[in-house]
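So the protein lines, in turn, are chains A, B and C.
Residue 220 in this note's numbering sits at position 220 of the first sequence; the count goes up by one each step and never skips.
Whatever position you read off the second sequence (first residue = 1), add 1000 for this note's numbering.
Whatever position you read off the third sequence (first residue = 1), add 2000 for this note's numbering.
Calculated from the structure, these hints are not laboratory results.
Given the structure is predicted, the values throughout are model-derived calculations rather than measurements.
Ideal Cβ placement from N, Cα and C applies to all residues, glycine included.
Don't take each hint at face value.
When the alpha-carbon atoms are kept at most 30 angstroms apart in a straight line, the in silico DSS-like pairs for lysine-lysine are as follows [stated by the list, open to error]:
| id | chain 1 | residue 1 | chain 2 | residue 2 |
| --- | --- | --- | --- | --- |
| 1 | B | Lys1109 | C | Lys2022 |
| 2 | A | Lys164 | B | Lys1207 |
| 3 | C | Lys2020 | A | Lys3 |
| 4 | B | Lys1087 | A | Lys172 |
| 5 | C | Lys2020 | B | Lys1178 |
| 6 | B | Lys1234 | B | Lys1061 |
| 7 | B | Lys1231 | C | Lys2277 |
Some chain A residues near chain B, calculated using beta-carbon distances under 8 angstroms [unchecked claim]:
| id | residue |
| --- | --- |
| 8 | Glu150 |
| 9 | Leu152 |
| 10 | Arg157 |
| 11 | Tyr159 |
| 12 | Ser162 |
| 13 | Lys164 |
| 14 | Leu165 |
| 15 | Ala166 |
| 16 | Gly167 |
| 17 | Ser171 |
| 18 | Ile174 |
| 19 | His177 |
| 20 | Pro185 |
Derived list of chain C stretches under chain B, where covered just means 3 residues or more per stretch with a C-beta under 8 angstroms from a C-beta of chain B [said to hold, decoys possible]:
| id | region |
| --- | --- |
| 21 | 2197-2208 |
| 22 | 2247-2257 |
| 23 | 2317-2329 |
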Amino acid sequence: MNKTLKIGIIIIGLFLLVGIFAKHISPKNPVQQNLLERLQPPSSKHFFGTDELGRDVFSRVINSTMVSLSVGIISVSISVFLGTIVGLVAGYYGKKIDIILMRIVDIVLCFPTFFLILMVIAFLKPNIYNIMIVIGLTSWPGLARYVRAEVLSIREREYVLSAKLAGLGSSKIIFYHILPNVIVPVIINFTLGIGSAILIESALSFLGLGIQPPQPSWGNILASGKDYIHIAWWLSLFPGMAIFITVMGFNLVGEGLRQKFNIKEKKL
Amino acid sequence: MKNSLLLKFDSVSKSYPVYSSILRRVMSRKLVLEKITFELEEGKVLGVLGASGSGKTTIAKLITKIEEEYSGRIILNNINIKNMTHKELAKNVSMVFQNPYSSLNPKHKIRFVLEERINQYAKLYNNKIDNYEIKEHILELLNYMKLPAEILSCYPHQLSGGQKQRIAILCAIILKPKLLILDEPLSSLDISLQAQILNYLIDIKQKYNLTYIFITHDQDLAEYFCDNIIKINKGVICENN
Amino acid sequence: MDKKILESKNYSLSYKIDNKKKYYILRNINIEIFKKQKVALIGESGSGKSTFAYSLLNLIPRDEIDFCGEINFYSDKICCKKKFLLNFSDEDELNHIRGNHISIIFQDPFSALNPVFIVGKQVEEMILNHNKKISNDELHLKTKSLLKSVKLQDIDIVYKKFPHQLSGGQLQRICIATSIANIPELLIADEPTTSLDAQLRVEVLDLINSFVKKNYMSLLLITHDLNIVKDYVDYVYILYAGEILEHGHGNVLSKNPLHPYTQLLISAYPDKTKKGKLLPVIEGQMPNLTEKKFFTRCIFFNRCPKKIEKCNSLVPDFYKAGDSFVKCFLYEK
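With the rest of the complex left out, here is chain A (with noise of 0.2 angstroms):
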C-alpha cells in the first residue's frame, strides 16, 4: 500500500467515524438557537465558534459529515452503475445498439452537468434523495465512454474469443470475462467522482437548492456565513476546510489505487 492511498483512507476513515458517531461526539445541539451568544469566535466553548443565531458551528459542521458522505457515495454508485452497464453494453454489442447509447451519451453531456441539476430541483422538490438521485443520473457518461473504449479493445483479445468460440453466452463473457479488465479505473473513478459530487451538493446547498435549513449542511453552513465574512471569518472557514479535507482525502484514495493497481498492470 502506497503513501497516498494510506492518508487517504485515514482522511475518509475519521470523517465516517466521525459522520457515524456525530450525535455522541456534538457538544452542543446543532439547531439549538442561543441569541446571547451570537457571532462568538472560536474559543474552548466553542471550538469553531458561533453563528449569526448563536448555533454551535462545530456541532453543525460535525453533524452535517453524514450528509454530504451519503450523498457523495449513494451518487456516485447511481453514476457508476449506469455508466459502467451502458459502456460495456455499448462496447460489447456494437453496431446500432453502441450507436443509440452513445447518441444519448452524447446528449447528456451537451448539457452543463450543473445547469441540468439547478433545472431538475427547480421542478423536484430539493430534499436529500433527490438531489442523490439527479448527481447520479447526469455524472455517468464519462465513465460509460471511458467503459466502452476499453471494451472495444477487450472484446478483441484471445481469451475473450476462445470464451466466445467455447459457446459461452454473452451475459457470461461480458461480466466474467470483461467486466474484471475493465474494474480499475471503474473503482478510481468512483473514489474520485465522490469528491465533486460533494462539491456539487455543497454548491447546491450554498445556492439554497440543496438540503434545507435548518438541517446543517457544509454548503448552507458556508452559505449563511458569506454574509458574515467581514466580521465572522470562522462561519466560512470551517465548513469550508471539512468540505477540501474530504474532497481531498477522496482523491487521495483514488489517486492512490491509480498508482497501486498502475505498477501491477506493469508487472504482468
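The hints should help you fit chains B and C onto chain A, whose structure is shown.
Positioned in the frame of chain A, the structure of chains B and C alone reads:
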C-alpha cells in the same frame, strides 16, 4: 477405407470494405480471400502456409464465425455453418491462438478457467456434473499435460509461456471438438518448448480423434506436422498438395 | 588473426527484485569478438542473452544491478584506444560510442521506431546525431542512399510514411538503416528476425550479412534459433540459464553438437525428415536463478539425459573437444 469429409470450403471469398476518411462511405472493397476451395477429411492435419497478411488467419476466423460476412459456402459436418448457432459450433470447433500471453484472461485463476470450460461442456451436452467430478477431471487433465497441481491457484502471469500454451490447449480440448484450429501455436515459444507442444498435439490428436487445421508461416514445421498443405499467397491458394 | 574488438572477462550480472531476491542473470561470461568476425549468441528465453546485449551498450539501469568482471571494447577509431568498461561514467562519451562504434538492432521493429515521426526523419536524426555539420542536401541524399541500400522500394514514398503504415519487413529494414547509418565497428542484432515471417527472415539476415561484409564490421547476432543463423556466422556461443555451455565454429557446432543441451536443441527442430516421429523433448525447467545451490553443480544437471555422478557435485570447466569447447564432464580428458 476412405475417411468421411469433415470440412469443405466451396469457393469462399472474403473482402473488407474500405471507408473514405470523412463520410465513412464504402469506397472500395479489399479482397483478402479469393475463391478458396479445399476439403478436409476427418483425422487429417491440414497445414495452411502463408506469409503474414496472406489471409491465413482469416480462414480460421471464418470457420469459427468470428467473421460472418463472406461469399461462398463453408460446410462443416454436412451442415453449412451459416445455419449453426454458436453453441452448435462450439461442439464442433475449437481454436488455439498464437499468443499464449493473451489467450488466458489475466484476472482469472487457472482453476476458474478450466472449471468454466468443463461446466460449459456439461451445459452443451445437457449433462449434470458435480464438483467432485470436475476436480477429478481437472487433475486428470493436468496430469496428462505434466503440469503440477499448484498452478491451479496461479494467475496466468505467474506461468511460463509453455505452461500457458498447454493450458490454452487443454481449454480447447475440454469441449471435445471434432476440429481444432491451431493458429501459429508455436511461434512465440522457444524451440525446446515447440517440440514439447508438438508432441502433445500429436498425442492429443490420437487420443481424442481430432482433425487439425494448422496455420503457420514455417515451411519446415508444416512439412513435419501436416498431411496436406495449402499455400496461400495474397488470398489465393497457390499450391495444394 | 584479426584484432580483438570486444571481450567480456568473467562478466557476471545480478539484480534484485523488490529488494528481496537476488537473480543471478549472468555468470562468468567470457566472450571474444574479433574484427570482421560474425558471432552468434544462442539461448532460449530467460537465458539472459538480451541482458548481455544491453549490458554491452550500458543500457541497463545501473542502480538496480550488481556486476563484476569487465567488458572491454577496443577501437581504432577512438585515438587513444579506450577501454570500454562497464562503469563508464562519462555520458557524452558513452553516447558517442553508442551508435558510432557499437549499435544495435532491436527485436521488435514496431516499438523500435517512434510512432509520431515519419520514418525518413528518424533515419536522418540518427545521422545528424553523430555528424552535426552535415548540410541539408547532403543529409537528404545520404538518407536516401541508406534507404536504397537496405533494398526498400519506392524510397520517396516510404520516406514520408509513419511507422504504422509500413509492414514488419519494411520497418526492420529501416531499423537496420538507422543502426548502420554511421558504420559502427560492432553491430549487435538482438533477435532481428523473430517478429518476421520465415521468408523475410532469410532476406533480413542476408541484408545484415551483406552490410557487415561490405563495411568490415563485426556482428554479434543474438537469437534462439541455431538453424537459421548457422550459415551466417563464424562462431557460436550457446547460452543456458546465464552460463555459456559450449562454443565453437558455427558449422562444426551445428553438424556435430557436443553438449547434451545443444544436441537436444538441434534435434528438437522439426522438419520433413522427422515426420511421423515424436521430437525429443528437454524435460523439466530452467533452474530458478535466485538459489545459489544450483551454481555448485552443472547448471544443466536437472534436465540432462546423459548426466553422470560427478555432475551433481562439481561445476565442469571448459574442455576442448575437436574445434569446440564444451562445459561438460563427458569430454574431460
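Going through the hints against the structure:
Restraint check for lysine 1109 of chain B and lysine 2022 of chain C: the C-alpha separation of about 27 angstroms stays at or below 30 angstroms, so the hint holds. Proximity of lysine 164 of chain A to lysine 1207 of chain B is assessed by CA-CA distance (about 25 angstroms); at most 30 angstroms being required, the pair is judged to hold. At roughly 21 angstroms between alpha-carbon atoms, lysine 2020 of chain C and lysine 3 of chain A fall within 30 angstroms of each other, so this suggested pair holds. Note on lysine 1087 of chain B and lysine 172 of chain A: the hinted pairing holds, with a Cα-Cα distance of about 14 angstroms set against a maximum of 30 angstroms.
Restraint check: the Cα-Cα separation between lysine 2020 of chain C and lysine 1178 of chain B comes to about 49 angstroms, which exceeds 30 angstroms; the hinted pair is violated. Of the pairs offered as hints, the one joining lysine 1234 of chain B and lysine 1061 of chain B holds, with about 16 angstroms between alpha carbons and a cut-off of 30 angstroms not exceeded. At most 30 angstroms may separate the alpha-carbon atoms for a hinted pair to count; lysine 1231 of chain B and lysine 2277 of chain C meet this at roughly 24 angstroms. Using the Cβ-Cβ criterion of 8 angstroms, the hint placing glutamate 150 of chain A at the interface with chain B is not satisfied: the shortest such distance is roughly 13 angstroms.
With a least beta-carbon distance of about 15 angstroms to chain B, the hint placing leucine 152 of chain A at the interface is violated under the 8 angstroms criterion. Because the smallest distance between the Cβ of arginine 157 of chain A and any Cβ of chain B comes to about 5 angstroms, under 8 angstroms, the interface hint for this residue holds. Interface hint status for tyrosine 159 of chain A: upheld, as the beta-carbon distance to the closest one in chain B is roughly 4 angstroms, under 8 angstroms. Because the smallest distance between the Cβ of serine 162 of chain A and any Cβ of chain B comes to about 6 angstroms, under 8 angstroms, the interface hint for this residue holds.
Nearest Cβ of chain B to the Cβ of lysine 164 of chain A: about 7 angstroms, under the 8 angstroms cut. The hint holds. Taking 8 angstroms as the C-beta cut-off, the interface hint given for leucine 165 of chain A holds, the closest approach to chain B being about 5 angstroms. Interface restraint check: alanine 166 of chain A against chain B, minimum CB-CB distance 5 angstroms, threshold 8 angstroms, status holds. Given hint, glycine 167 of chain A at the interface with chain B, holds; its Cβ is 3 angstroms from that chain's nearest Cβ, closer than 8 angstroms.
For serine 171 of chain A, the suggested interface contact is broken, since its CB lies about 14 angstroms from the closest CB of chain B, more than 8 angstroms. With 8 angstroms as the threshold, the beta carbon of isoleucine 174 of chain A stays out of range of chain B, its nearest partner Cβ sitting at about 13 angstroms, so the hint is violated. Among the interface hints, the one on histidine 177 of chain A holds; its C-beta lies about 6 angstroms from the nearest C-beta in chain B, closer than the 8 angstroms criterion. Of the supplied interface hints, the one on proline 185 of chain A is violated, with its beta-carbon coming no nearer than about 13 angstroms to a beta-carbon of chain B, more than 8 angstroms.
Residue count for the region 2197-2208 of chain C with a Cβ under 8 angstroms from a Cβ of chain B: 4. That meets the three needed, and the coverage hint holds. Check on the region 2247-2257 of chain C: 0 of its residues sit with their Cβ under 8 angstroms from a Cβ of chain B, so the three-residue criterion for coverage is violated. Note: the region 2317-2329 of chain C has 0 residues with beta-carbon separation from chain B under 8 angstroms; the three-residue rule is not met and the coverage is violated.
Of the numbered hints listed earlier, those contradicted by the structure are 5, 8, 9, 17, 18, 20, 22 and 23.
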